[in-house]
Amino acid sequence: EDQVTQSPEALRLQEGESSSLNCSYTVSGLRGLFWYRQDPGKGPEFLFTLYSAGEEKEKERLKATLTKKESFLHITAPKPEDSATYLCAPDGTSYGKLTFGQGTILTVHP
Amino acid sequence: EAQVTQNPRYLITVTGKKLTVTCSQNMNHEYMSWYRQDPGLGLRQIYYSMNVEVTDKGDVPEGYKVSRKEKRNFPLILESPSPNQTSLYFCASSSPARNTEAFFGQGTRLTVV
Numbered sequence: 145e146d147q148v149t150q151s152p153e154a155l156r157l158q159e160g161e162s163s164s165l166n167c168s169y170t171v172s173g174l175r176g177l178f179w180y181r182q183d184p185g186k187g188p189e190f191l192f193t194l195y196s197a198g199e200e201k202e203k204e205r206l207k208a209t210l211t212k213k214e215s216f217l218h219i220t221a222p223k224p225e226d227s228a229t230y231l232c233a234p235d236g237t238s239y240g241k242l243t244f245g246q247g248t249i250l251t252v253h254p
Numbered sequence: 005e006a007q008v009t010q011n012p013r014y015l016i017t018v019t020g021k022k023l024t025v026t027c028s029q030n031m032n033h034e035y036m037s038w039y040r041q042d043p044g045l046g047l048r049q050i051y052y053s054m055n056v057e058v059t060d061k062g063d064v065p066e067g068y069k070v071s072r073k074e075k076r077n078f079p080l081i082l083e084s085p086s087p088n089q090t091s092l093y094f095c096a097s098s099s100p101a102r103n104t105e106a107f108f109g110q111g112t113r114l115t116v117v
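Top to bottom, those sequences are chains Y and G.
Adding 144 to a residue's 1-based position in the first sequence gives its number in this note's numbering.
Adding 4 to a residue's 1-based position in the second sequence gives its number in this note's numbering.
These are calculated hints, taken from the structure and not from any lab test.
For each residue, glycine too, the CB sits at the ideal point set by N, CA and C.
Hints are not guaranteed to be accurate.
Said to hold, decoys possible - Calculated lysine-lysine pairs in the DSS-like style (CA-CA distance at most 27 Å, straight line): (1) G:K21 with G:K69; (2) Y:K241 with G:K69; (3) G:K61 with Y:K241; (4) Y:K186 with G:K22.
Said to hold, decoys possible - Here are some chain G residues pointing at chain Y (derived, C-beta under 8 Å): (5) G46; (6) L47; (7) Q49; (8) Y52; (9) F94; (10) A106; (11) G109; (12) Q110.
Please take these sequences and the hints and turn them into a complete structure.
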């Protein structure tokens with residue numbers, strides 16, 4: 145059974161204080177790993193797909209990396225508008241069945 | 005504009021009264037899924053469909069039904085809603101053939117009293 149664990153559950157940062165979010169997974173036949181951002185009461189919004197260990201992708205202040213067991217979402221010099229819940233979801237060989245982590249609630253204070 | 009549309013956005017109903025939440029996508033995606041999201045439990049998959057007339061159970065299918073008669077539509081049916089089905093529901097679609105990420109609808113907040 146696919147398992148996904150995200151840590152920390154919640155993270156409070158000051159504006160400009162860089163940090164990282166972790167996504168650990170156990171998935172058979174990983175085809176890719178997705179990162180999403182979710183604002184309260186809204187649907188998850190796609191950020192990145194990573195396909196193989198060693199891959200990195202960047203978008204503004206966010207950079208996602210992937211190893212064989214985990215993925216990191218690095219946030220550099222965050223701003224208050226980066227406050228959201230960040231979700232990861234590895235995509236394995238169970239076609240159509242996507243398992244999400246419980247998410248990290250990020251709060252960035254001005 | 006590529007989108008997944010759910011209706012209604014908000015619904016308050018009584019125990020036992022059958023309801024349907026509709027979901028429609030305009031991207032010709034093969035895969036569609038329903039999730040529920042509850043505090044502390046995250047997003048959990050209810051049912052998914054790999055194509056027309058092909059559906060399968062997710063992690064929490066009890067109390068729900070789905071159908072996929074057309075590629076663009078994937079309604080979620082609660083035959084006899086109960087208070088423990090009060091939740092925020094999301095529909096999503098994707099295309100494995102094109103290796104796309106899942107696109108999510110805007111959500112349906114359901115309250116069963």
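### Task
Grab the minimum C-beta distance from Q49 of chain G to chain Y and call the hint holds if it beats 8 Å, violated otherwise.
With Cβ-Cβ at 6 Å, under 8 Å, it holds.
#### Entry: Hint check: 8 Å Cβ-Cβ cutoff, F94 of chain G to chain Y
holds (5 Å)
### Query
Has the given pair, K186 of chain Y with K22 of chain G, been kept, meaning a C-alpha gap of at most 27 Å?
holds (25 Å)
### Query
Would the stated hint for G46 of chain G survive a check requiring a Cβ distance to chain Y of less than 8 Å?
holds (4 Å)
### Query
Can the restraint linking K241 of chain Y and K69 of chain G be considered satisfied, given a maximum Cα separation of 27 Å?
holds (17 Å)
### Message
So if I understand the rule, the pair passes when the alpha-carbon distance is 27 Å or less; does K61 of chain G with K241 of chain Y pass?
### Response
Since the Cα atoms of K61 of chain G and K241 of chain Y sit roughly 9 Å apart, the hinted pair holds (cutoff 27 Å).
### Satisfaction of the Y52 of chain G interface hint, Cβ to chain Y closer than 8 Å
holds (4 Å)
### Query
Does the CB of G109 of chain G sit less than 8 Å away from some CB of chain Y?
holds (6 Å)
### Message
Less than 8 Å between beta-carbons is the criterion; does L47 of chain G satisfy it with respect to chain Y?
### Response
With a minimum Cβ separation of about 4 Å from chain Y (threshold 8 Å), the hint on L47 of chain G holds.
### Query
Does the interface hint hold: is Q110 of chain G within less than 8 Å of chain Y, judged Cβ to Cβ?
It holds, given that the least Cβ distance between Q110 of chain G and chain Y is near 5 Å, below 8 Å.
### Proposed proximity, K69 of chain G with K21 of chain G (alpha carbon, max 27 Å)
holds (14 Å)
### Message
Interface hint check: A106 of chain G, Cβ to nearest Cβ on chain Y, cutoff 8 Å. Holds or violated?
### Response
At about 6 Å, which falls below the 8 Å cut-off, the nearest Cβ of chain Y leaves the hint on A106 of chain G intact, so it holds.
In summary, this structure violates none of the numbered hints.
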